[in-house]
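Asker: Chain by chain, the residues:
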Amino acid sequence: MTVIATESLSKRYPRVTALDRLTVDVTPGVTGLVGANGAGKSTLIKILLGLSPATEGRARVLGLDVATDGAEIRGLVGYMPEHDCLPPDVSATEFVVHMARMSGLPPTAARERTADTLRHVGLYEERYRPMGGYSTGMKQRVKLAQALVHDPKLVLLDEPTNGLDPAGRDEMLGLIRRVHTDFGISVLVTSHLLGELERTSDHIVVIDGGKLLRASSTSEFTQATASLAVEVTDREHDLLAMLDAAGLTVQASGHLLLVDIADDGTYDLVRDAVAQLGVGLARMEQRRHRIAELFTDETDETDETDAGDGAGTTPAAAGTAQEGDGRDAA
Amino acid sequence: MTQPDVAAVPGPPPAAPGASPTDVIHNIGYREYEGPRLGRAYARKSLFSQSLRGAYGLGRSAKSKVLPMILLGAMCAPALIMVAVTVFTHMTHLPVAYTRYAVILQAVITLFVASQAPQSVSRDLRFKTTPLYFSRPIERIDYVAAKFAALATALFLLTALPLLILYVGALLAKLDFGDQTAGFAKGLVSVVLLSLLFAGIGLVIAAVTPRRGFGVAAIIAVFVISYGAVSSVQGVAASQENYDVIGWLGLFSPITLIDGFQTWFLGAQSAFPEASGPPNAGAGLVYLLILLGVVAACFGLLMRRYRKVGLS
Chain A
739 MTVIATESLS KRYPRVTALD RLTVDVTPGV TGLVGANGAG KSTLIKILLG LSPATEGRAR
799 VLGLDVATDG AEIRGLVGYM PEHDCLPPDV SATEFVVHMA RMSGLPPTAA RERTADTLRH
859 VGLYEERYRP MGGYSTGMKQ RVKLAQALVH DPKLVLLDEP TNGLDPAGRD EMLGLIRRVH
919 TDFGISVLVT SHLLGELERT SDHIVVIDGG KLLRASSTSE FTQATASLAV EVTDREHDLL
979 AMLDAAGLTV QASGHLLLVD IADDGTYDLV RDAVAQLGVG LARMEQRRHR IAELFTDETD
1039 ETDETDAGDG AGTTPAAAGT AQEGDGRDAA
Chain B
14 MTQPDVAAVP GPPPAAPGAS PTDVIHNIGY REYEGPRLGR AYARKSLFSQ SLRGAYGLGR
74 SAKSKVLPMI LLGAMCAPAL IMVAVTVFTH MTHLPVAYTR YAVILQAVIT LFVASQAPQS
134 VSRDLRFKTT PLYFSRPIER IDYVAAKFAA LATALFLLTA LPLLILYVGA LLAKLDFGDQ
194 TAGFAKGLVS VVLLSLLFAG IGLVIAAVTP RRGFGVAAII AVFVISYGAV SSVQGVAASQ
254 ENYDVIGWLG LFSPITLIDG FQTWFLGAQS AFPEASGPPN AGAGLVYLLI LLGVVAACFG
314 LLMRRYRKVG LS
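In the order they appear, the protein sequences are chains A and B.
Letter by letter, the first sequence follows residues 739 to 1068 in the numbering used here.
Letter by letter, the second sequence follows residues 14 to 325 in the numbering used here.
Hints are computed from structural coordinates only; laboratory data are not their basis.
You may find that some hints are simply not true.
Simulated crosslink set (BS3-like; lysine-lysine; CA at most 27 Å straight-line) [unchecked claim]: (1) Lys78(B) <-> Lys321(B); (2) Lys949(A) <-> Lys321(B); (3) Lys321(B) <-> Lys877(A); (4) Lys891(A) <-> Lys141(B); (5) Lys58(B) <-> Lys76(B); (6) Lys141(B) <-> Lys58(B); (7) Lys78(B) <-> Lys58(B); (8) Lys891(A) <-> Lys58(B); (9) Lys141(B) <-> Lys78(B); (10) Lys141(B) <-> Lys877(A); (11) Lys187(B) <-> Lys141(B); (12) Lys199(B) <-> Lys187(B); (13) Lys76(B) <-> Lys877(A); (14) Lys877(A) <-> Lys891(A); (15) Lys877(A) <-> Lys78(B); (16) Lys321(B) <-> Lys141(B).
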C-alpha cells in the first residue's frame, strides 16, 4: 500500500521547471521531504492536493488520481501551509470548528473533534482567546490542529518547524511523530533541514531542482553517521588522548572533539573521562548529517563533512545547508 | 510541548496506607472519526452562514458588531418613525413608497457594503486563510458563490427589514391591504436586485486588495463618486430640460441603475430630477440588462480573481 505514488511527474512553468520527472513512492508512516527552497516541495504538495495540474506524468494519493479525484483527495488529506494563515481576531476553537465544518464534519462532530484535536496538539485554556496573541509555537499548533481535525488519512505539513526556536522545534517534531504513532495518520513533512527530519521520519525523500535526489529509509541515512561533539573548558588534548586510549575514534576540530558514537557506552566513557580530568563540560551534543552530505553520497565519511560548520567543503548545489543540526544528546 | 494524553481524574483523598490505589488514569487517546463527511454542498453552506453571520459581527469580537448593528439601526429607525407618524396622524398612505426607501437611505447601505465586503474577503486574503479553504473539498466556485450569496443576503436583511416594518405598520394603520402588499412586494424585488448589485460591486473591489482600509475607501469612492457624477450631470441636463438624457444617465451609478430599473418595471416614481426615468421601453430594457450584466460580470471577475490564489 502506497500513500503517495508519482510517476515521472513534471511541472513546467514558462520559465522554470518546478518538477522534473519525479517518480517516488511514499509508504505509510512519517516521510520527510527534504529540499532547498525552490526545490519543488510546495509545487509537489499543490499537485498532490489536486490544485495544480501536472504538465506530465501521474500522481496518486491514497489510491486516487490527483487529476480527476481532487475533491475526494482533499476530503481525506489534511494540509498545513508554511505561511501564517490564522485570522488574529478569532479564537482557536472557533477557527478550528469552522475549518472542521469546511471539511464536511456536522456541527456537533466539528465541536467535539476540535476540542479533542486542540488538546492533542497541546492547546488548553488558550484556545478560547483570540489567536492574535498567540506565540509562534501556539500558532503552529493551531495550524496543525486544523489539518488534523477531520481525521485525515494523510497530512501534508509544509515546513512546520519554520520560525520555531530549538525547544519549540523539538516539541513540534515530537508532535509530528505522534501524529503517526498515536493517531495512525501518515505524514509527509517538508523541511530544508535534513537533520531535524532524521529523527522524526521513517523515510526521507530528497529533491533538488525538481528532481529526485534520493529516497530511502531513515535508518540508511543514520547508519554510522552519529558522532558526538564534545567541548570542554580546558585540556582538550588530554581528553583526546584519554578517549583515544579508551578505544574511541576521536578527532579534534578547533575547540571541539568529535567522537564517533560506537554505542551508548560512548557517552559514559566521555563523561567519566571529563570527570577524571576535572574540567568543565561545556557541550556534549550529537552531530548529524547536514543536507550537504547527501550530495556527496558518501554516508560513511561523516567525519569530514561534520568537521566544523562552514569549514567543510560545501557542494554548490547544497547552498542551503544551514546551521549545524546538533542537538543535545542527553 | 507534547503533553501526554492523559487526564488524571482526581480520585478520592489518599486512602489509608495499605489500601489498594483507587486513583484511575483515563487515557483519552486519539479517537478516529467514523461519522459522516458531508461534502461540498454542506461546506459551501457552512461558509455561507459563517460569512453571513460575520457580516453582522456575529461570531466575531464585540467590537466588530458595533458598526453593522448601528447601520442596521440607522436603516430601521426612519421606518419606525414613519410608521409612528402614519398611525398617529391617520394618514391614508405611507410618507415614502417602499421602492423609494432604499434610494433615500443609500448612504447607509453604501457604508454597510464598504465595511463588510472587505471584512468578508480581504481578511481571508490578508491572513492567507484562503489556502486552507482551497485545500478542502470545496472548489473555487463554491467559495465565490458562498461569499457572494452571504453578502447579498446580509444586504437584503438590511434593506428588507425596514420595508417589513413599513408594511406591518401600514397594516396596523389599516391602510389598504392590496395596495400595501403590492407595494411591499415591489419593494422586495427592488432590494433583492439592489443587494445583488451592491454585493457584487463591493466584493469585486474588496477582493483586489488584502488591505481592508483600501477596500473600504475604494468602495465608498466608487459608490459616492459615481452617484455624485451622475446626479450632477443629471442636474445640468435638467436645467437644460433635456429629460431623455437624465433617464439614460442613470445607468452609470449603482443606485441610479436600481432607480431606473424600478421606475420602468415596478412603476416606482423615479428619484431622478423631474422624475424622468428611462425615456422609453428600450431604455427600460437596457436598465434591466445592464443590471443583470453587472451582477454576472462581478461573479465572473471574482472567479477570475481566485483562479490564481490557490495555495499561496
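Asker: State for each hint whether it applies.
Answerer: Hints versus structure:
1. Lys78(B) <-> Lys321(B): Roughly 32 Å between the alpha carbons, so the hint for Lys78(B) and Lys321(B) is violated.
2. Lys949(A) <-> Lys321(B): 25 Å, holds
3. Lys321(B) <-> Lys877(A): 26 Å, holds
4. Lys891(A) <-> Lys141(B): 25 Å, holds
5. Lys58(B) <-> Lys76(B): Holds. Lys58(B) to Lys76(B) sits at ~26 Å (cutoff 27 Å).
6. Lys141(B) <-> Lys58(B): 21 Å, holds
7. Lys78(B) <-> Lys58(B): Between Lys78(B) and Lys58(B) the Cα gap is close to 22 Å, so the pair holds against 27 Å.
8. Lys891(A) <-> Lys58(B): The hint holds at about 25 Å.
9. Lys141(B) <-> Lys78(B): 23 Å, holds
10. Lys141(B) <-> Lys877(A): Since the Cα atoms of Lys141(B) and Lys877(A) sit roughly 14 Å apart, the hinted pair holds (cutoff 27 Å).
11. Lys187(B) <-> Lys141(B): 54 Å, violated
12. Lys199(B) <-> Lys187(B): Answer holds: Lys199(B) to Lys187(B) is near 20 Å, not above 27 Å.
13. Lys76(B) <-> Lys877(A): 23 Å, holds
14. Lys877(A) <-> Lys891(A): Holds - the C-alpha atoms of Lys891(A) and Lys877(A) are around 23 Å apart, at most 27 Å.
15. Lys877(A) <-> Lys78(B): At roughly 25 Å apart (the allowed maximum being 27 Å), Lys78(B) and Lys877(A) satisfy the hint.
16. Lys321(B) <-> Lys141(B): 13 Å, holds
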